[in-house]
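J.: Read off the chains here:
4 protein chains.
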Amino acid sequence: MARALLALQARLRPLLGPRAAQRGLHSGGPPRKLDLRGIYPPLVTPFTKQGEVGYSHLEENLRLYGRIPFRGFVVQGSNGETPYLTQQERLEIVRRVRETIPRENLLLAGTGCESTRSTIEMTALMADGGADAALVVTPFYFRGSMTSAALIHHYTQVADASPIPVILYSVPANTGLDLPIDAVLTLAQHPNIVGIKDSGGNITRIALLVHKTQNEDFQVLAGSAGFLLAGYIVGAVGGICALANVLGTQVCQLEQLCQAGSWDEARELQHRLIEPNTAVTQKFGIPGLKQAMEWFGYNGGLCRAPLLPLSEIQVKGLRQDFTSNGWL
Amino acid sequence: MARALLALQARLRPLLGPRAAQRGLHSGGPPRKLDLRGIYPPLVTPFTKQGEVGYSHLEENLRLYGRIPFRGFVVQGSNGETPYLTQQERLEIVRRVRETIPRENLLLAGTGCESTRSTIEMTALMADGGADAALVVTPFYFRGSMTSAALIHHYTQVADASPIPVILYSVPANTGLDLPIDAVLTLAQHPNIVGIKDSGGNITRIALLVHKTQNEDFQVLAGSAGFLLAGYIVGAVGGICALANVLGTQVCQLEQLCQAGSWDEARELQHRLIEPNTAVTQKFGIPGLKQAMEWFGYNGGLCRAPLLPLSEIQVKGLRQDFTSNGWL
Amino acid sequence: MARALLALQARLRPLLGPRAAQRGLHSGGPPRKLDLRGIYPPLVTPFTKQGEVGYSHLEENLRLYGRIPFRGFVVQGSNGETPYLTQQERLEIVRRVRETIPRENLLLAGTGCESTRSTIEMTALMADGGADAALVVTPFYFRGSMTSAALIHHYTQVADASPIPVILYSVPANTGLDLPIDAVLTLAQHPNIVGIKDSGGNITRIALLVHKTQNEDFQVLAGSAGFLLAGYIVGAVGGICALANVLGTQVCQLEQLCQAGSWDEARELQHRLIEPNTAVTQKFGIPGLKQAMEWFGYNGGLCRAPLLPLSEIQVKGLRQDFTSNGWL
Amino acid sequence: MARALLALQARLRPLLGPRAAQRGLHSGGPPRKLDLRGIYPPLVTPFTKQGEVGYSHLEENLRLYGRIPFRGFVVQGSNGETPYLTQQERLEIVRRVRETIPRENLLLAGTGCESTRSTIEMTALMADGGADAALVVTPFYFRGSMTSAALIHHYTQVADASPIPVILYSVPANTGLDLPIDAVLTLAQHPNIVGIKDSGGNITRIALLVHKTQNEDFQVLAGSAGFLLAGYIVGAVGGICALANVLGTQVCQLEQLCQAGSWDEARELQHRLIEPNTAVTQKFGIPGLKQAMEWFGYNGGLCRAPLLPLSEIQVKGLRQDFTSNGWL
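Residue numbers (my numbering), protein chains in the order written: chain R, 1 to 328; chain F, 1 to 328; chain G, 1 to 328; chain L, 1 to 328.
Hints listed in this document are in silico derivations from the structure and should not be mistaken for laboratory results. Any given hint could turn out to be false.
Claimed, not checked - Covered stretches of chain F, going by a simulated chain G footprint (3 or more residues, C-beta under 8 angstroms):
1. 136 to 143
2. 152 to 159
3. 169 to 182
4. 301 to 309
Computed from a predicted structure; not experimentally measured. The C-beta atom is built at its ideal place from N, Cα and C for all residues, glycine as well.
Please construct the entire structure, taking both the sequences and the accompanying hints into account.
T.: Structural data, given as structure tokens:
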């Protein structure tokens, strides 16, 4: 682990610039791992009519996102339709994103595979491609065997080997598996594991994770805009929010209201984001997210099959969730 | 409905005293339904070694609770082991509690049965016994048939007939059924339905219920101390919390910190309440709740079978959840 | 337990008539507990337009059922809308059914309540009312606490006290709880527990229960006509089948084909019963069951609220499930 | 079986031709698609201590299996730890297995990926590698979007493109998704879809699938030895059974007893296979399956991480499930 720690510190140095400092990194003492505070859109992958990755569309989205005070970006999360991408496409995407976004934006890359060895390989490849940290989803296909012991072993191996910091990622809606709390607490002590993205939305669990890791350099990110305000109040430091692909300015505004302690305005804004958020996640999925992006001037593009485009009725329902909250 | 409304207004008058006013009821204009703001312990039913209701033990608990700024009390909730009580015991309990607690304390009584007609009868009986409002759990045995339409019909019939205001009660951990949001929104418009106790803990859902009922006289109560802080920040007005039977002062303190806007202290307190709360609910159930009450000077008493007393190992685990957070 | 055993033997004597003998009871040695082999409809409770129990309608159904070779009848199962009945109604029903049906028909009565003490009381009352055996559903409201230990304790207490044999009843679709296999195996050794109705439909589990209780006087009944054939092939001795209220002759015919070893015909008949069975259970619930009964000349009657009558579209769907299989 | 063998040989001949073979249709006579009747072990992938595929160990297993009357073999099913294999390893395995097993053994290869395009590619590669049919698991990561329409679209595209017949594969324990019945019925009409492996174990569903596809050339395979007897009685034609890796002779004997109509012996044998089957699937997973294989003279080998080897206590429990049923 010592080697990993050194590699990590070397990697962190360029990140400890003025912006990082201003976000509260220790200027003295042992360096804080990696400041994750802020909002990140998990980027979608716009596909062309021919079913190919629309790299230029992706890059245009990134240029448009440059106006929004995001802390960084996630590539190869669920919303990137990652299970539909080849390894080559995944590497090309991470390279292009890294080249397009400013250096001070953090780039988090999904690297979780089912096997430990593949996850280690993918993490190394993504680090080479320019990722600042690896977002590692729980392996889950053999979920009956994914005990705390198995998961601790998996993440420890990955974090030991990874040239970049690791962020745990629990998304039970897709995986049917919630990373057990005791496993998180053990893993939080690893020098190369810096946080967790929790998409389950169980706010009691999120609060407990913050509480029980308060003595570690470990940060909790809300995995959805639906509980971002609640996440902040219990101690989360930011959010990776599908909705930020569509209403990025508003999600960042919610973050700022929380940090400024303007809770009444924050509540009002949070309330108006819930239905749009549910619409682009549970209700209409990635096809809904991409459709909504188009309405707001971004390139959603098509999905790969078996994801189907929305029906007309679904498009109306989606639109209604935005209009009834004053966003369209 | 008109008759129910008149009965309701008559009933509300004595409640609109100084304390109520101080809690912000309209002094002019149409009367606000019933101010639910605050913390309520859902009272346990202490049983004797012979398996009988220990009425004197219950009354002693209430006298001890007199020192704590509770808004009121719940009788015949899940924690009262209500499914184990006879109708006669239920009525005796509500009468004794009403006689023992001060008039300004609200008394909410669980009255939900599986059939609409029994719920109506039980609600009338509980109102006669002195309940200020009825807490009506969703019927659920035939959950496959409990559509929004069926539930709206049920609650409307109950609320039409009830001499006291009705509070909806959704507790999926016990019932396997989450009262659908569209049903809640329809029912929130009923003049005799004043709120919901939501024990599911889905904070996004709770926020949405607040948001979508903002133009109704409808109040949302958190159903557990585990997400009380998060509940307040998204607009809940109080909580019915099993943990308040044990750490009533602390739960009320959390409420006060939230109302005072002391969010940092609130967060710290909230964090320390989560493990004890989980211990007396999901983890060790009512036997755990009653055991913990004994440690804090209250009469937990025994449970009725088939609930078993905790094993020694369980008692140790329970104790650990309190000591590790500084409460014992 | 000795007393219970004596009471049981006294009770069994009249049952050991020619019909019982012909069904294979031991003629020498220790008497077999109670021969459960055969088909039982779980009787519905027809309600009048005024919402009262239509006793005469129920009795007429029983007279019509007299033409069908049922082994017996179940009162107060789920399909009897038991959670919607008062105790008085429940007793009146069991008495009337006992008076109406021939002595050689077994009468099984649902007696399971949430508390052990209420279940014991209800079992005694039902035995007085003429029930030959008690069908005791798992308590489930506090399902988090319903461990094997708690359930073994509960059923042992009930069986010790019961003047009539006890049949375990596991129906996870309603209760959210599957009686654990280890609990069943322990309870199968109790002299006053004679079998289980398993409505979960997991055929591997049913086969294992038969296998592991082969040295006990313990019989397994399929809880639905949907897996009756599969149940027989793995060793179940009969079925308590909602569909038998509608297509009683056909369900009994399926039983006879299985006993005669006419498996090809059995399979063909079983296949044609699946959709009608699903229609009157999961798909359209008790309102569907009662509607279908009307089409076949029985008195389904109305349901009590909150169960709603079927919509027109639902009635069409229900009818389709019978016509497409050649039953209407 | 002799007849089946002849049918098979007839069937295989045209598979070598171009277009007719693509869809697997006979060029003359009533074209039955592909006779799937029989038992198939889903082969495990033995890994060496270095974590590499132990090809020679795999080949040795196949030679040992040569003594058992299997209908064929499955490669790249769940039990092959397929999610842990690289594409290159997958191709190498299918090629080696094809070379090692006799021509008359069917070789079914798992080819299901999350995206339609990858599934099409993998199917083509596996066909090239010598697979006789493709076993295509449901895509499931975005299960909220995997509607019947999406799944029908997916499988239709795959079956249209596939040079070999397609077998649907529903395994909800791993995927959290049960291929909807209406989708199966639609897909059963596709000329290049010849059957389904149903691992859910819902025998009512399996019977209904047989019933509703009786006019199609569509065959249902049980996905586990736990319900093989029940599967046969309702019309399944065979089974793909993890347990066949360990107790292959016995599983084939159960098949033969079912085909001979020796139901009593079949029942007795089935009963003794349930606990061993559960042990090597749900209870101890693939590590349990591999450990048990070692006891019976096969090369189980190691698993890849994150699957952990069994603990000593687990090994004892596993052994107990075999000894208590007389297999060790």
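J.: Hint by hint, say whether it matches the structure.
T.: Hints versus structure:
no., hint, in the structure
1, 136 to 143, "holds (count 4)"
2, 152 to 159, "holds (count 3)"
3, 169 to 182, "holds (count 3)"
4, 301 to 309, "holds (count 5)"
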